[in-house]
Amino acid sequence: MCGRYNLEDNDDTQALMDGLGVSFGRTNIPSFFNLAPTEQIPVVSEEEGIRALRPMRWWLTPVWAKEITTQYSMFNARAETLDKSKAFQGSFRHHRIIIPMASFIEWRKEGAIRQPYLVRYEHDCMAAAGVWSQWTDGEIVLDTCAMVTTNASKDFRALHSRQPLLLDSDQANTWLEERADLKDLRELLKAPLPQNMLVRAIDPSINNSRLKEAPRYLNGSQEIVVSS
77 MCGRYNLEDN
87 DDTQALMDGL
97 GVSFGRTNIP
107 SFFNLAPTEQ
117 IPVVSEEEGI
127 RALRPMRWWL
137 TPVWAKEITT
147 QYSMFNARAE
157 TLDKSKAFQG
167 SFRHHRIIIP
177 MASFIEWRKE
187 GAIRQPYLVR
197 YEHDCMAAAG
207 VWSQWTDGEI
217 VLDTCAMVTT
227 NASKDFRALH
237 SRQPLLLDSD
247 QANTWLEERA
257 DLKDLRELLK
267 APLPQNMLVR
277 AIDPSINNSR
287 LKEAPRYLNG
297 SQEIVVSS
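In this note's numbering, the protein residues as written are 77 to 304.
Treat the hints with caution; some may be incorrect.
Stated by the list, open to error - DSS-like, lysine-lysine: derived pairs with alpha carbons at most 25 Å apart:
hint: 1; residue 1: 230; residue 2: 185
hint: 2; residue 1: 266; residue 2: 160
hint: 3; residue 1: 142; residue 2: 160
hint: 4; residue 1: 142; residue 2: 162
hint: 5; residue 1: 266; residue 2: 162
hint: 6; residue 1: 162; residue 2: 288
hint: 7; residue 1: 185; residue 2: 288
hint: 8; residue 1: 288; residue 2: 230
hint: 9; residue 1: 259; residue 2: 160
Claimed, not checked - Label pairs and their calculated CB-CB ranges:
hint: 10; residue 1: 162; residue 2: 293; range: 33 to 43 Å
hint: 11; residue 1: 94; residue 2: 260; range: 17 to 27 Å
hint: 12; residue 1: 126; residue 2: 162; range: 28 to 38 Å
hint: 13; residue 1: 188; residue 2: 256; range: 20 to 30 Å
hint: 14; residue 1: 256; residue 2: 296; range: 41 to 51 Å
hint: 15; residue 1: 272; residue 2: 294; range: 14 to 24 Å
hint: 16; residue 1: 271; residue 2: 124; range: 12 to 22 Å
hint: 17; residue 1: 296; residue 2: 190; range: 17 to 27 Å
hint: 18; residue 1: 185; residue 2: 271; range: 23 to 33 Å
hint: 19; residue 1: 289; residue 2: 212; range: 30 to 40 Å
hint: 20; residue 1: 266; residue 2: 94; range: 41 to 51 Å
hint: 21; residue 1: 160; residue 2: 198; range: 34 to 44 Å
Derived by calculation from the structure, the hints in this document are not laboratory data. Here a beta-carbon is modelled for each residue, glycine too, at the ideal position from N, C-alpha and C.
Could you build the full structure based on these sequences and the hints that come with them?
Below is the structure:
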């Protein structure tokens, strides 16, 4: 599961955009902190061979849904069932995105405290696999998306049983291709963690989704390495 993340306007994000063939000015993607489900998030998509950064609502509404609702948890999509799910199969086959992340946040219950942890690569911007759908109702058109999750790697399981499906540059490019082979896409759903992740406890004030400030490490906390 992944329900919060951060995106920073820095050289790592720029490098990911360049690697995906996205052209954008440095002022076009401000830093976002503590992004949460139902908010508009920046994603990379490919349409007619053109890759661009565009906003989507982070809570997928299937094209056949009668209304926009949060009754069912639709901000994450399980990799294991993505190609079988009524809600996600069409999006997996035809509408895939990359969600760029500087880091994401995961929680662990520690006594009476729900302790948040910041998870990041040492240097690079993370490329998380996602799917999207366009919901319409008369003149209303809404692009919505979900982040794909997979079983947690061995070292991450102490924190959570799930983690985002993170892809390296080549895999992310394949994921975005409109005409990608379905067999190749299914293989990507089993992709291992591309590189080590660093995990460190942060201030619980981030638990409030309305707080849009850069997360602060807890004094005395140590960084833990999650091996790929």
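Against the structure, the hints:
Taken as a hint, the residue 230 and residue 185 pair is honoured in the structure, with Cα atoms around 19 Å apart against an allowance of 25 Å. Taking the CA atoms of residue 266 and residue 160, the gap is near 15 Å; set against the 25 Å cutoff, the hint holds. Pair hint residue 142 plus residue 160 holds up; C-alpha atoms about 21 Å apart against a cutoff of 25 Å. About 15 Å separates the Cα atoms of residue 142 and residue 162, which keeps this hinted pair within 25 Å; it holds.
The straight-line distance between the Cα atoms of residue 266 and residue 162 is roughly 20 Å, inside the 25 Å bound, and the hint therefore holds. In summary, the hint linking residue 162 to residue 288 is not supported, as the alpha carbons are separated by about 34 Å, beyond the 25 Å threshold. Proximity of residue 185 to residue 288 is assessed by CA-CA distance (about 23 Å); at most 25 Å being required, the pair is judged to hold. About 31 Å separates the Cα atoms of residue 288 and residue 230, which puts this hinted pair outside 25 Å; it is violated.
Note on residue 259 and residue 160: the hinted pairing holds, with a Cα-Cα distance of about 14 Å set against a maximum of 25 Å. Residue 162 and residue 293 have their C-beta atoms about 42 Å apart, which keeps the hinted 33 to 43 Å range intact. Separated by about 23 Å at the C-beta atoms, residue 94 and residue 260 satisfy the suggested range of 17 to 27 Å. Hint check: residue 126 to residue 162, Cβ distance near 30 Å, so the stated range 28 to 38 Å holds.
The supplied range of 20 to 30 Å is broken by residue 188 and residue 256, whose beta-carbon atoms lie about 47 Å from each other. Taking 41 to 51 Å as the suggested C-beta distance range, the pair residue 256 and residue 296 conforms, at roughly 46 Å. Taken as a hint, the range 14 to 24 Å holds for the pair residue 272 and residue 294, whose Cβ atoms sit roughly 21 Å apart. Between residue 271 and residue 124 the Cβ separation comes to about 32 Å, which falls outside the hinted range of 12 to 22 Å.
The supplied range of 17 to 27 Å is met by residue 296 and residue 190, whose beta-carbon atoms lie about 19 Å from each other. With their beta carbons about 28 Å apart, residue 185 and residue 271 fall inside the hinted range of 23 to 33 Å. Between residue 289 and residue 212 the Cβ separation comes to about 36 Å, which falls inside the hinted range of 30 to 40 Å. For the hinted restraint 41 to 51 Å between residue 266 and residue 94, the CB-CB distance of approximately 27 Å leaves it violated.
Between residue 160 and residue 198 the beta carbon distance is about 35 Å. The supplied range of 34 to 44 Å therefore holds.
Checked against the numbered hints given earlier, the structure breaks hints 6, 8, 13, 16 and 20 and satisfies all the rest.
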